[in-house]
Amino acid sequence: MNNSNNIKVNCSTKNLKEIRTFVEASLKELSVPANDIALIVLAIDEICANFIIHSNHCNEDQEIEILIKNENQGVSIEILDQGEYFDLASYKEPELQELVKEKRKGGMGLLLVKRIMDSIEFKKENNQNVCKLFKKIKFA
Amino acid sequence: MELTFGKHNDIYEIVIEGDLDASSCIALDKAISEAASKGEKKILIDCTRLNYISSAGLGVFMSYLQEFENNKIKMVLYNLSEKVKNVFEILGLDTLVNIQRSKEEAIKTIDE
Numbered sequence: 001m002n003n004s005n006n007i008k009v010n011c012s013t014k015n016l017k018e019i020r021t022f023v024e025a026s027l028k029e030l031s032v033p034a035n036d037i038a039l040i041v042l043a044i045d046e047i048c049a050n051f052i053i054h055s056n057h058c059n060e061d062q063e064i065e066i067l068i069k070n071e072n073q074g075v076s077i078e079i080l081d082q083g084e085y086f087d088l089a090s091y092k093e094p095e096l097q098e099l100v101k102e103k104r105k106g107g108m109g110l111l112l113v114k115r116i117m118d119s120i121e122f123k124k125e126n127n128q129n130v131c132k133l134f135k136k137i138k139f140a
Numbered sequence: 001m002e003l004t005f006g007k008h009n010d011i012y013e014i015v016i017e018g019d020l021d022a023s024s025c026i027a028l029d030k031a032i033s034e035a036a037s038k039g040e041k042k043i044l045i046d047c048t049r050l051n052y053i054s055s056a057g058l059g060v061f062m063s064y065l066q067e068f069e070n071n072k073i074k075m076v077l078y079n080l081s082e083k084v085k086n087v088f089e090i091l092g093l094d095t096l097v098n099i100q101r102s103k104e105e106a107i108k109t110i111d112e
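Chains as they are written, first to last, in my numbering: chain X, 1 to 140; chain A, 1 to 112.
No wet-lab data here; the hints were simulated from the structure.
It is possible that part of the hints are untrue.
Which bits of chain X does chain A cover? Going by a derived footprint, with three or more residues having C-beta under 8 Å, they are [said to hold, decoys possible]:
(1) 14 to 28
(2) 42 to 50
(3) 91 to 101
(4) 118 to 132
Okay, derived cross-link-like pairs now, DSBU-like style, lysine-lysine, Cα gap no bigger than 35 Å in a straight line [unchecked claim]:
(5) X:K103 to A:K7
(6) X:K105 to A:K30
(7) A:K41 to X:K101
(8) A:K41 to X:K123
(9) X:K92 to A:K74
(10) X:K14 to A:K83
(11) A:K72 to X:K8
(12) A:K7 to X:K28
(13) X:K8 to A:K38
(14) A:K72 to X:K138
(15) A:K7 to A:K83
(16) A:K74 to X:K101
(17) X:K92 to X:K123
(18) A:K41 to X:K69
(19) A:K72 to X:K105
(20) X:K101 to A:K103
(21) X:K132 to A:K103
(22) A:K38 to X:K114
(23) X:K135 to A:K72
(24) X:K103 to A:K103
(25) A:K103 to X:K69
(26) A:K74 to X:K14
(27) A:K85 to X:K92
(28) X:K8 to X:K135
(29) A:K30 to X:K138
(30) A:K85 to X:K132
Chain X is nowhere near these chain A residues, computed Cβ spacing over 10 Å in every case [said to hold, decoys possible]:
(31) F5
(32) S23
(33) S54
(34) G59
(35) S63
(36) E67
(37) I73
(38) K83
(39) N98
Note that CB positions come from ideal geometry on N, CA and C, so glycine has one too.
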């Protein structure tokens, strides 16, 4: 059976908690195992934080939408916004030692997402930025 | 997220409760920065009630490593849940940040 869930919130980092609560509940509903839920919640939180902070500059007049559904023996997630487009091809993975030396606080989010998810894709669709994530799941 | 602070002898302790994300990490960053500028040399971070951490939270701890090494300030985290510790481990940060299992072990490490 296919199920899908969605939520729309304003672009404020204060809404990340609400997003995580929604994602956790949706994944539970889809019978995703607890370990996978924790990781997927983190991956979605990272993408949403990037979209809110970097693409929309925390402009609360802008919205971000998250869609979650089960398909192809896994979970697929779409995160949509209308802010600045992020080009994954221009992303260079940071070296941890360099982050430490430069005392940088950011740069690790996307690295986490890449380690957690099986696929990650950014594209433009109908004037919206879409981040598509997929993770294979062994449903009980 | 809630932060509470304590001082026992020469050890300054920050207790984190709740979720450490891109929103709440700003308060923790400020707390650590203030402790260091007040001259604290031994900073304990109690993670017993830290429910969640994202890269923004990891970034706060990472961003002090160099400065603290230069200024001989020790920062030790203790009693992380498996879920929170796993986030450090995914990126291999558990080898860079000083993480101990219990408060006892954390104090032992910080006094070395």
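Structure-based check of each hint:
1. 14 to 28: As far as the stretch 14 to 28 of chain X goes, the hint holds, because 4 residues have Cβ atoms under 8 Å from chain A.
2. 42 to 50: holds (count 4)
3. 91 to 101: With 4 residues closer than 8 Å to chain A, the stretch 91 to 101 of chain X meets the three-residue bar; holds.
4. 118 to 132: It is violated, with 0 qualifying residues against the three required.
5. X:K103 to A:K7: holds, 27 Å
6. X:K105 to A:K30: holds, 13 Å
7. A:K41 to X:K101: holds, 20 Å
8. A:K41 to X:K123: violated, 48 Å
9. X:K92 to A:K74: This hinted pair holds, its Cα atoms lying about 31 Å apart.
10. X:K14 to A:K83: holds, 22 Å
11. A:K72 to X:K8: This hinted pair is violated, its Cα atoms lying about 46 Å apart.
12. A:K7 to X:K28: violated, 41 Å
13. X:K8 to A:K38: Status violated; Cα separation ~43 Å.
14. A:K72 to X:K138: Roughly 47 Å separates the two Cα atoms, so the pair is violated.
15. A:K7 to A:K83: Satisfied, since the Cα-Cα distance of roughly 28 Å is no more than 35 Å.
16. A:K74 to X:K101: This hinted pair holds, its Cα atoms lying about 17 Å apart.
17. X:K92 to X:K123: holds, 18 Å
18. A:K41 to X:K69: Not satisfied, since the Cα-Cα distance of roughly 49 Å exceeds 35 Å.
19. A:K72 to X:K105: Within the cut-off at roughly 20 Å; holds.
20. X:K101 to A:K103: holds, 29 Å
21. X:K132 to A:K103: Roughly 42 Å between the alpha carbons, so the hint for X:K132 and A:K103 is violated.
22. A:K38 to X:K114: Cα-Cα ~39 Å, so violated.
23. X:K135 to A:K72: Not satisfied, since the Cα-Cα distance of roughly 43 Å exceeds 35 Å.
24. X:K103 to A:K103: holds, 27 Å
25. A:K103 to X:K69: violated, 42 Å
26. A:K74 to X:K14: It holds: about 31 Å lies between the C-alpha atoms, which stays within 35 Å.
27. A:K85 to X:K92: Within the cut-off at roughly 25 Å; holds.
28. X:K8 to X:K135: holds, 22 Å
29. A:K30 to X:K138: Answer violated: A:K30 to X:K138 is near 42 Å, above 35 Å.
30. A:K85 to X:K132: holds, 27 Å
31. F5: holds, 21 Å
32. S23: The claim is violated: A:S23 sits with its nearest Cβ about 4 Å from chain X, within 10 Å.
33. S54: With a cut-off of 10 Å, A:S54 comes too close to chain X, as the shortest Cβ separation is near 5 Å.
34. G59: violated, 4 Å
35. S63: violated, 5 Å
36. E67: violated, 7 Å
37. I73: Given that every Cβ of chain X is farther than 10 Å from that of A:I73, nearest at about 14 Å, it holds.
38. K83: violated, 5 Å
39. N98: holds, 13 Å
When the structure is compared with the earlier hints, violations turn up for hints 4, 8, 11, 12, 13, 14, 18, 21, 22, 23, 25, 29, 32, 33, 34, 35, 36, 38 and for no others.
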